[in-house]
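Participant: The primary structure of each chain is shown beneath.
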Amino acid sequence: AQKITQTQPGMFVQEKEAVTLDCTYDTSDQSYGLFWYKQPSSGEMIFLIYQGSYDEQNATEGRYSLNFQKARKSANLVISASQLGDSAMYFCAMREGEDSGGSNYKLTFGKGTLLTVNP
Amino acid sequence: KAGVTQTPRYLIKTRGQQVTLSCSPISGHRSVSWYQQTPGQGLQFLFEYFSETQRNKGNFPGRFSGRQFSNSRSEMNVSTLELGDSALYLCASSLAWLRSPGELFFGEGSRLTVL
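Heads up: the sequence lines are chains X and U, in that order. Residues in the first sequence are numbered from 1 upward in steps of one, following this note's numbering. Residues in the second sequence are numbered from 1001 upward in steps of one, following this note's numbering.
Keep in mind that the hints were calculated from the coordinates and are not lab data. Do not take every clue at face value.
To be verified - Listed next, the in silico BS3-like pairs over lysine-lysine satisfying Cα-Cα at most 30 Å (straight line):
#1 U:LYS1013 <-> X:LYS111
#2 X:LYS16 <-> X:LYS106
#3 X:LYS73 <-> U:LYS1057
#4 X:LYS3 <-> U:LYS1057
#5 X:LYS16 <-> X:LYS70
#6 X:LYS3 <-> X:LYS106
#7 X:LYS111 <-> X:LYS73
#8 U:LYS1013 <-> U:LYS1057
#9 X:LYS3 <-> X:LYS111
#10 X:LYS70 <-> X:LYS111
#11 X:LYS70 <-> X:LYS3
#12 X:LYS73 <-> X:LYS16
#13 U:LYS1057 <-> X:LYS70
#14 X:LYS106 <-> X:LYS70
#15 X:LYS73 <-> X:LYS106
#16 X:LYS111 <-> U:LYS1057
#17 X:LYS111 <-> X:LYS16
#18 X:LYS70 <-> U:LYS1013
#19 U:LYS1013 <-> X:LYS16
Can you make the complete structure from the sequences, with help from the hints?
Facilitator: Right, here's the structure in full:
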């Protein structure tokens, strides 16, 4: 079974509107971390936001927020007020074993969602 | 501060050759990990190094190897190249302190084409 599932291969949004990118995950670990990355056409992976499994509050970073629903094992990314520069691939990723002293830096990525922001 | 630097950015090799890719992490970062990105398989973890020791290894054949130097710079090597090795190879560095949020900072990648 896939550990990270992103069910939306592509999404379109109008500039200045909000958009939600879906991500569900599968793990039996109690301690894990969830990440979202943006990959523009240049190839570089840009870190957007992080949510730890023990964090009770949803993470926010500027226009990005993570809608963390632990019981549903979902970690959706919400981008508010979309901008043309937000057009890119977006990857959800998980790191298991967060309580192993930070020694496990292996990320498992989803297949990604290609977001296109229309003017 | 300077980001993660990967060299070369683009390269073309033929089947059977070998290739070495280099990664210079952000200053002060001691963990370096490598990922392979292909259209079919997506992003897959190759290995991770910390203080010159390989701590984690993904499910790749022995043709894929790596090492880390005392200055935290890392290299990965792929021997006996196959067509399927064509990919974007991404390097990421992090502080690797205990219980850090663990953001991984990625380089722009080395795009390998095997003919």
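Participant: Each of the hints needs a verdict: does it hold here or not?
Facilitator: Now for the hints, and whether the structure bears them out:
no.	hint	in the structure
1	U:LYS1013 <-> X:LYS111	holds (27 Å)
2	X:LYS16 <-> X:LYS106	violated (35 Å)
3	X:LYS73 <-> U:LYS1057	holds (26 Å)
4	X:LYS3 <-> U:LYS1057	holds (18 Å)
5	X:LYS16 <-> X:LYS70	holds (29 Å)
6	X:LYS3 <-> X:LYS106	holds (13 Å)
7	X:LYS111 <-> X:LYS73	holds (17 Å)
8	U:LYS1013 <-> U:LYS1057	holds (25 Å)
9	X:LYS3 <-> X:LYS111	holds (11 Å)
10	X:LYS70 <-> X:LYS111	holds (21 Å)
11	X:LYS70 <-> X:LYS3	holds (15 Å)
12	X:LYS73 <-> X:LYS16	holds (29 Å)
13	U:LYS1057 <-> X:LYS70	holds (28 Å)
14	X:LYS106 <-> X:LYS70	holds (21 Å)
15	X:LYS73 <-> X:LYS106	holds (19 Å)
16	X:LYS111 <-> U:LYS1057	holds (21 Å)
17	X:LYS111 <-> X:LYS16	holds (26 Å)
18	X:LYS70 <-> U:LYS1013	violated (45 Å)
19	U:LYS1013 <-> X:LYS16	violated (44 Å)
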